[in-house]
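Visitor: Those sequence lines, one after another, are chains A and L. Under the working numbering, residue 264 is the last one in the first sequence; the count climbs by one each step, no gaps. Under the working numbering, residue 1264 is the last one in the second sequence; the count climbs by one each step, no gaps.
Just so you know, the hints here were simulated from the structure itself, not pulled from any lab data. From a predicted model like this one, the values you see are computed outputs, not experimental measurements. Hints are not guaranteed to be accurate.
Stated by the list, open to error - Which chain A residues face chain L? A few, computed with CB under 10 Å, are given here: (1) 41; (2) 45; (3) 75; (4) 97; (5) 113; (6) 115; (7) 117; (8) 208.
Said to hold, decoys possible - Footprint (simulated), chain L over chain A, 3 or more residues, beta carbon under 8 Å: (9) 67-73; (10) 150-162.
Glycine included, every Cβ here is placed at the ideal spot set by N, Cα and C.
Each chain, letter by letter, is given below.
There are 2 protein chains.
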Amino acid sequence: MTIVVKVGGALGNRLDPVVSDLVSRTDYVLVHGGSESVDRLAEALGHPSEYLTSPSGVVSRHNDPAQLATVVMALAGTVQTEAVAAFARRGVRAVGLSGVDGRLVLAERKHGVRAVLGERVVHVRDDWSGTITRVDGELLRGIAGLGCVPVIGPPAITAQGEIVNVDADRIAAEVAVALGADALVLLTNVPGLLRDVSDPASLVRRVDRSEIDAVLPFAEGRMRKKVLAAQRALAGGVGRVVIASSQVDGPVSHALAGEGTVFS
Amino acid sequence: MTIVVKVGGALGNRLDPVVSDLVSRTDYVLVHGGSESVDRLAEALGHPSEYLTSPSGVVSRHNDPAQLATVVMALAGTVQTEAVAAFARRGVRAVGLSGVDGRLVLAERKHGVRAVLGERVVHVRDDWSGTITRVDGELLRGIAGLGCVPVIGPPAITAQGEIVNVDADRIAAEVAVALGADALVLLTNVPGLLRDVSDPASLVRRVDRSEIDAVLPFAEGRMRKKVLAAQRALAGGVGRVVIASSQVDGPVSHALAGEGTVFS
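Could you put the whole structure together from the sequences, leaning on the hints where they help?
Guide: Below you can see the structure in the form of structure tokens.
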């Protein structure tokens, strides 16, 4: 069984339980994001992150050149290196790969991102965001064949060799599709998809693939991206997708046991 | 023939001629440093780099925790990603590997670095510098076997999973030894080892391995590390080492043709 697990940032203790839970397994791949690490570094460098809201309500980072450079430092640099070291401390060899490495995650640059600004919809041009067109599953199998766990994160690369930022949940979905994964686990800081974000008891436990459009209205902000990633993964042949909490002991085991929102 | 080429930072145009010169070849590995990128980022983050001088005159970065974090962002993040993208733009698949990835560069942490402070020699304790104990040539051959050029840089990792900074010239030497390389090319911003640093005409053209100790007094600052790296590589079985300029068209070809200081 191949599983793909996606976690957020590597901010200390958040990553450790995930890595601890994974090391007894084989045949898994870890995908990481790290928005908070990017935001923190951007703040320290004096150019705080800006977020854009699309007309359909998806919130995304504004990847101007300074922000893109920060993404590279925080994700391909800090988060990825710390994740690989966390595996090493537990005796597991891992190799960090951004989407640029070996052209693992190929993307097309979005030309002119549309964003809602007050009551207007504007075109944002100085943005290096991309849409994933292909993940190289062969390269991932090759790395695994060398005895190393792939640890994957943004950015991606275009066919012309431009570095572009892409959503990490979407990378995880495309990696799961490229590997023909049995399960995709998207870990987050809430128990799963909630009907009411202020009420953990409103957890949606099971979602059939035919019902995803019906639950999408409950998914706001970053959760919306996770549900869209789940939809993409299922459409691409992944067996099931679980959105679950990273804030428990053994978060991957719990998610695979069905604790969270299971899409199938 | 296997060659190992080491360049400094990826600050724009400096890396491009090296990559252009390499892409027509096969069977090479690129090692990068990037001190200037680290210094620039450290400055932007408000904790400028500090350098320590050992009693024997070797100048090294003081790798306190903030500096080590900066090294990871600048080298494993920015420089490595930009180098891999520079290959991609020329149609070559490369994979960036810090010494942490797959435990490629294993090191022992130096406990208590000795440094000259005024007229005293002090022990600097909050330092995460390492001494390389092993480079995993098998992993590098594996990556090459997947059709990818390894692009390697600091930091390294200890057996306990601590991230430590190590000298990039020394990584290059140990990579060359691990691969049984025919040649190691150390590119820099001067034509090679100069008897008088202010006079390019004072270039030392040939150094027999038995004469290295005799020329070491000419090598100051970072050049000293390059000469010591050359000595290590030759002792480890590398055919020849060339210290040469990166500031010419076709810097690798020129170096391999003997333009620079050739140690053999």
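Visitor: Taking the hints in turn, state whether each one holds.
Guide: Now for the hints, and whether the structure bears them out:
For residue 41 of chain A, the shortest C-beta to C-beta distance to chain L is roughly 7 Å, which falls under 10 Å, so the interface hint holds. At about 6 Å, the closest approach between the beta carbon of residue 45 of chain A and any beta carbon in chain L falls short of 10 Å, and the interface hint on this residue holds. Residue-level restraint check for residue 75 of chain A holds (minimum Cβ-Cβ distance to chain L is 8 Å; threshold 10 Å). Among the interface hints, the one on residue 97 of chain A holds; its C-beta lies about 7 Å from the nearest C-beta in chain L, closer than the 10 Å criterion.
Interface hint status for residue 113 of chain A: violated, as the beta-carbon distance to the closest one in chain L is roughly 21 Å, over 10 Å. Contact between residue 115 of chain A and chain L, as hinted, is not supported at the beta carbon level, the nearest pair being about 26 Å apart and thus beyond 10 Å. With 10 Å as the threshold, the beta carbon of residue 117 of chain A stays out of range of chain L, its nearest partner Cβ sitting at about 29 Å, so the hint is violated. Hint status for residue 208 of chain A: violated, given a least beta-carbon distance of 39 Å to chain L, over 10 Å.
For the region 67-73 of chain A, the proposed coverage by chain L is satisfied: 3 residues have a C-beta within less than 8 Å of a C-beta in that chain, meeting the threshold of three. Using a Cβ-Cβ cut-off of 8 Å, 5 residues of the region 150-162 of chain A lie near chain L, which meets the minimum of three, so the contact claim holds.
In this structure, the earlier hints numbered 5, 6, 7, 8 are contradicted, and the remaining ones agree with it.
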